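K.L.:
Below are the chains, spelled out letter by letter.
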Amino acid sequence: MTSIGSCCLLARGKGGLGRLTKEELVSLQKTMLQIRHFEQAVAKAFLAGQIPGFLHSSIGQEAVAVGVCASLREDDYVVSTHRGHGHVLAKGADLNEMMAEIYGKATGCCRGKGGSMHIADFNRGIVGANGIVGGGIPIANGVALAAKKRQRGQVVACFFGDGASNQGTFHEALNLASIWDLPVVFVAENNLYGMGTSQRRHQKVENIADRAAAYNIPGVVVDGNDVLAVREATLEACERARRGEGPTLLECKTYRHYGHFVGDPGAYREPGELEAWLKKDPLNLFRRYLEEQGIPASRLDELEAEAVEEVRLAVEFAYRSEEPLEETALEDVYVPTEAGRRAIL
Amino acid sequence: MTSIGSCCLLARGKGGLGRLTKEELVSLQKTMLQIRHFEQAVAKAFLAGQIPGFLHSSIGQEAVAVGVCASLREDDYVVSTHRGHGHVLAKGADLNEMMAEIYGKATGCCRGKGGSMHIADFNRGIVGANGIVGGGIPIANGVALAAKKRQRGQVVACFFGDGASNQGTFHEALNLASIWDLPVVFVAENNLYGMGTSQRRHQKVENIADRAAAYNIPGVVVDGNDVLAVREATLEACERARRGEGPTLLECKTYRHYGHFVGDPGAYREPGELEAWLKKDPLNLFRRYLEEQGIPASRLDELEAEAVEEVRLAVEFAYRSEEPLEETALEDVYVPTEAGRRAIL
Amino acid sequence: MMREITCREAVREALREELQRDEDIFLIGEDIGFYGGTNKVTQGLWQEFGSERIMDTPISEAAIIGAALGAAAVGMRPVAEIMFIDFIGVCMDQIANQVAKLRYMTGGKVTIPLTIRAPGGAGRSAAAQHSQSLEAWLIHTPGLLVAMPSTPYDAKGLLKAAIREDNPVVFIENKMLYNTKGPVPEGEYVIPLGKADIKREGGDVTLVATSRMVYFALEAAAKLADEGIECEVVDPRTLVPLDKETILESVAKTGRLVVVHEAPERGGFGAELAAVVGNEGFDYLDAPIERVCSKNAPIPFSPRLERFITPQVEDIMAAVRTTVLG
Amino acid sequence: MMREITCREAVREALREELQRDEDIFLIGEDIGFYGGTNKVTQGLWQEFGSERIMDTPISEAAIIGAALGAAAVGMRPVAEIMFIDFIGVCMDQIANQVAKLRYMTGGKVTIPLTIRAPGGAGRSAAAQHSQSLEAWLIHTPGLLVAMPSTPYDAKGLLKAAIREDNPVVFIENKMLYNTKGPVPEGEYVIPLGKADIKREGGDVTLVATSRMVYFALEAAAKLADEGIECEVVDPRTLVPLDKETILESVAKTGRLVVVHEAPERGGFGAELAAVVGNEGFDYLDAPIERVCSKNAPIPFSPRLERFITPQVEDIMAAVRTTVLG
Ligand SMILES: Cc1ncc(C[n+]2csc(CCOP(=O)(O)OP(=O)(O)O)c2C)c(N)n1
Ligand SMILES: Cc1ncc(C[n+]2csc(CCOP(=O)(O)OP(=O)(O)O)c2C)c(N)n1
Ligand SMILES: [Mg+2]
Ligand SMILES: [Mg+2]
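Sequence order for the protein chains is A, B, C and D. Following numbering that gives the first Met the number 0, the residues of the first sequence are numbered contiguously, the last one being 344. Following numbering that gives the first Met the number 0, the residues of the second sequence are numbered contiguously, the last one being 344. Following numbering that gives the first Met the number 0, the residues of the third sequence are numbered contiguously, the last one being 325. Following numbering that gives the first Met the number 0, the residues of the fourth sequence are numbered contiguously, the last one being 325.
These are calculated hints, taken from the structure and not from any lab test. One or more of the hints may lead you astray.
Straight-line alpha carbon distances no greater than 27 Å define the calculated DSS-like cross-link-like pairs of lysine-lysine that follow [said to hold, decoys possible]:
1) A:K148 x D:K39
2) A:K148 x D:K159
3) A:K148 x B:K203
All values derive from a computational prediction rather than experimental measurement.
Bound conformation, chain A alone (with noise of 0.2 Å):
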C-alpha cells in the first residue's frame, strides 16, 4: 500500500490493518455527521449574520479528518488548517465550546480570541488551526520532535492542502521530518483547489504524494472519499511513525462541495465536476457500506438525529453565550510573568 519515493498507489482500505467492530464503524459515520450538521449550522448562521469573519467549510471533506483521526491515539496530536473544523471536530474539540469560538464568544475555546480559523485544545491535542497557508506544517514537526525525545509514542497528524504545498514552509518541515525520522503523517488534503486554482494550474504532478521522493519518504496517495481506507492509510503510517521510521507524505483525494469560503459561489469550477463528486459524497458511501454490513437504517437515521440535535444544542449555546469582556482583550498576549506583564504597558 504505501511505497517509498514517487511511485504511489491508491490504497484500497476495508480490510487487513485496524479491523474495525460494527459499533466503531458506526461511530465513524456519526462523527462524519456530526462534522456534515456543525458545518451546516455554522454555514447558516454565517449567511444569517451571526458569525462574524469568515468560514471555510469542509462539506465533502469529512472522510479525511475522520479517518485520519480515527486511527490517531487521543494522546496524539492534530495541526489544522484555516478549512479545519472537520479535523478538530474528529480529534475531539468540544462541540459548544468550538461553536461558541466561532460565535466569537468568552465560552469558546479561544475565550472568542481565535475564531473559526484558530481552533486549539491541547488538552486534546490539537495544536490549531491556522491562517496561513502552511503555517503549521513547520509547527507540525516541534510537536513531533517533543514526542520523540519524550518517547511516548505520540504521533501528530498535520493536515494541509493542495495548495500549501507549494509553500516553502512544505518543503523546509517535510525535509527537516525525514532528517530526524520525526513521528508526523503529512495528510495533503486534496481537494483540487487552492481557492480558485485548479491543481493541474498550481503544480504539474499528478500527485502531492509524488513529492515524497525529495524526501526520499514514503507517498501515498488515498481516496479521501473513503473513510476506511484512509484510516488504514494512516493507521499505517502512524505505526512506522511510532516505530521511529519516520514521516509519510500521505494524499487524500477529495473534493470540497462548496465554495472556497461560504460565500464563494465557485465559479472557477468544470462543468459537471460538482455532480461527479456529489456522486461520490463520502457520508453516502459509507452509509451505503455499513448498511451493507448490516447496520439497520434506521440506526443510521437516528445517528443523524443526534447529530444535528447536539449542533443545535451548540447554537443554542454559542448563540446565548455572552460576548468576551473588553478587559478579556489584553490578556493572553503575554503569559502575565513580570516580563510579561510590563509589555503590555
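Starting from the structure of chain A, add chains B, C and D with the ligands where the hints point.
P.N.:
This is chains B, C and D with the ligands only, laid out in the frame that chain A set:
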C-alpha cells in the same frame, strides 16, 4: 541523458551536442585558470588583511561555473550565490572591476557597496550574487519570465548549493518555473556541504536532482568536475528551455577544496575526503584531456601564466584604486526620482 | 458633479489604465485572474488583458515577489499582489533583503520599477493573521517607498504614480475601504508620491491619520467641532517619502499633534512621526504629542474585542481633548 | 577581582548552565553542533550535551522556528539560533504570525517558552544582507519580548532570564561584541527582563543606547566630560518590556535625551523612545530629543561607507552638543 522525474542518469559528456574546436576547448581551461588564480589571489589578499568582510572560495568547483557559462549566449543571464566568483567570471565579468569590488573600492563593479557576495553586472547578464542562501532562486524566475515575454530566446542559469536546496524558496521557485515553463536551468552545485553540514545530514535524497520529480521537470546529475560534461548537460537544458519546454534541474557533483569561507579549516570533513577530491581536480583533469587532444603542455603553461598575470594586474588595479567617497554612500538607495530623492532625507 | 466610485474601482481603474498605457506592466498574484482577486480588485482585468498580463500564481508569496523582482530588474514593470499584507512574513526576505536592497548592493546597476499591492487593516473579524497593519516594517526598510492612501481619489492617483515610479513601492490598501466611495474625475491624473493632503482645515490641533483612520479622524473632527475644537486632519498618503513640511506647517499653526494609525502603538509609524515632529517641531509644540493606535496586542476575532484593541473615533476625541485641554 | 570573559563566553556559559539545569531545554540551529556555530558561540556544547540537546538543522529557518515553536507549545524550552538576524526575513511569518500570536489566538491555551537568539550589527564589512539591526520589526510585533544586551554580564544574566521566561523572547546579540570582555561573576545570577541599567551617571544629558552603541555612547561620554558635559548613559537592555521609569527618571534629571542605535533612523526603536519620552516626559525636556542612528540606507560593503552610514562616536558627540548647547 536527461530524464523526466526522479530517475537520474549521469551525463557523460565529451561527445554529442555542440562539439568544440580546439581553441574553444582551450578557452574553457583558460577561464578555469582565471577563476582558480582569482580565488587564490583574493584568499591571499584577504588573509593579508587587504580585503574586508568575508569570502567564500570556489576553488575546486571551477568546472561547474565554466561548463555552465560556456553553454550560455552572451545575452543569457546568470543568477549567482555567496560562492559566486567563478560564476560571474565565467559569464564575462571584468576582472578589474570585480577585484576592485571585492577590495571595496570605488572602481568596483558595484562602487564598493556590494563586495564579494553581491557582484552584479547587468550588461553582461550577471543578475547578482546573493548573501541569502536560496535568495536568488525566485529572482531567476522573474528574469526568465521577462525573457519569455520578450521572446528573445534567452535563458537563465541559476546557481545554488546543496544546502540551498532545503530552503523554501527552492521549492516555490522550481514549482513556479515548472508550471510556467520558464527558461531556467537550475544548477545545483552539490559540493557535499552546506557550511559544516554534509549533504547526508541535511537531506535524505541521494541526488538533489531527485527533487525534480516534485515538479515534473527533468532532473539530471552530472560530474561537476568534468567541464565538458557540465557544458553538454547545460546545453541540452538550455535548448529545452529555448524551445519553450521549461526548466531543468541540473545537479553538478563537485567539491570545494577549501573551507566554507576563507579561514574555515573545514574540520568537519571526513578523513581522506579532500585528498580523494584533489585527485579529481577539475583543472588537472581537463589539462590531461587537452594534452590527450594534442594541445602542447607549453601552451597550457602559457595559459596559466596569462591567467596569473591578468589576476596580478587586477589585484594591482584594485589595490591602487581609491575607496569610495562618503558622499556616494547615500546614492543608489533609490533611483533619484523626485520621490527617491526625498525618501533619503 | 464628479462621479463617485469605490476604492476598489479606483484601484482597478488605475491598474487598467496603466496596463493599457504600458506593455511592460503585468500583474502577478494569487487568483487575480479569472477569480478577480479575493477582494475582487482585479475583477475583469484577466478577461480584458489575458493570462500573459494578469498572471495567476500558486500560493507561493516568496516566488511571487522574486518573480516580480527579477522581471523588474530586466526592465519589466510588474505589479504584484499579496492577498493580505499579513502574508508578507512569508516573503519578507524577498521584500526587505532583495527588492529593497538590490539596487544599492549593485551600486546602482539596476532599477526596480516594482509595485507591491497589499491590503491591510482590521474591522472584519478576520482575527490575528488577516487584520494587520504592517507598514512599520516597511518604512524601516530603506530602499522601499510606502504608500497608504485613504480615498478613492488618492488611491487611483497614487497607484498610477507608484506604477510609473522607478523605485519599488509598497502600496497598502485597506480592506474596509474597498467599498468606500468618493469623487474621482474621469480623466487621467497622477498624484506624486510624498505629498500630504489636508483633508480638513482647523486651527486647534493637527490630526495626522493614515488609511482608514483618516475617516475616523474626520468623524472625530466633525464631532469635536461641535465642542468648539477645530482639528486639522492631515493625511500623509505616503509614509516614505513623508511630507514633513506639510505636517510641520500644520503643527506650527496648531501647536498640537495627535497621530492616529491602526497598527499597534509600539514601534509604529506614529512613533516615527512623533520623533520627527518632536525634534523638528519642538518649538511649535504646546502639548505632548498623543498617539492613538491599536493597543499592543494581536487583533482578536471577537468584534467587541477587535473594536476595543483598534482605535475608535472616541479614542481620537479623547486624545484631542487631552492635548487641547491638558 | 572579578574574572573577565567575552560576550561569546558569557552567552555560552548561560546556555551551558541552563542546559545542565533543565532537561527540557535544547538548542536548535544551523551548524551549532560539531561546528560550534558560525560565531562559535555554541562551541563545545555538542561535545558535552550530544545531538539530542544540540540539534543541527538544514538551512531552513522557517523549519527551525516552527520546530522550536511546536516543541515549546507542548512543554519543551527550546533555544533557536538564527545565524544572523538578517535571515529572519525567511522565517518572519513563523516569528511574527505563529510564535508571537499562538498564545493569544488560542485564548491563552498555550505557553511558548521559546528563546530565539540572533546576532545583528554592522562593522565587519559584511554588507547589506549580513549587517542589519532588525529589532524594530520585533518590538512592533506584540507577543514577543526583545532583549538586546551590551556587556558580557548583561548577556549572561539576561539570556538566563530569557530561557526561563514563559513568553517568547528574541535575544539579539551583536557580532562585534563577541570578543568584548567584561566582568562576570562565577556564580549563578539572573537579570530580570525589563530593567534598564545606568552605565554611567551624569546630569547634563541622557544618552539611551543599545547593544554596541552603549560602548560608543560611553566613549562619547568620556570625551564630552573633558568638554564639561556630563552624560548619563542608560542601557535599556530589553526593548520589550521597556524600563520607561528609569529612562524618564534620568530625563527628569537631565532635561535632555539623545537616543543611539545602529538600525536605520526611520521607524527605529529610537522613534518609539522619542515618542514615549516626548509624551510622558514632555515637561522634563529642555531641548528636542535627538536620534543618532544609521542613515536610511542599506549597510554598504566598503569599510569607509559602512562607517559613514552607521553611527560613530563623533556623531553622538555632535548630537549631545546640539541638545546641550542648542
Ligand atoms: C501565506 C498565505 N497565502 C495566501 C492565503 C490566502 N488563502 C487562504 S486559504 C487559500 C487556499 C488554500 O488552498 P489549499 O491549501 O488547497 O487549502 P483548501 O482551501 O483547499 O482547503 C488561500 C490562497 C493565506 N491564508 N496564507
Ligand atoms: C537564509 C540563510 N541562512 C543561512 C545563511 C548562512 N550561510 C551562508 S552560506 C551557507 C551554506 C550554504 O550551503 P550551500 O547552499 O551548499 O552552498 P555552498 O556554501 O556549499 O556553496 C550558510 C548556512 C545565509 N546566508 N542565508
Ligand atoms: Mg485545496
Ligand atoms: Mg554546498
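K.L.:
Could you check the structure against the hints above and give me the numbers of any it violates, in ascending order?
P.N.:
The structure breaks none of the hints.
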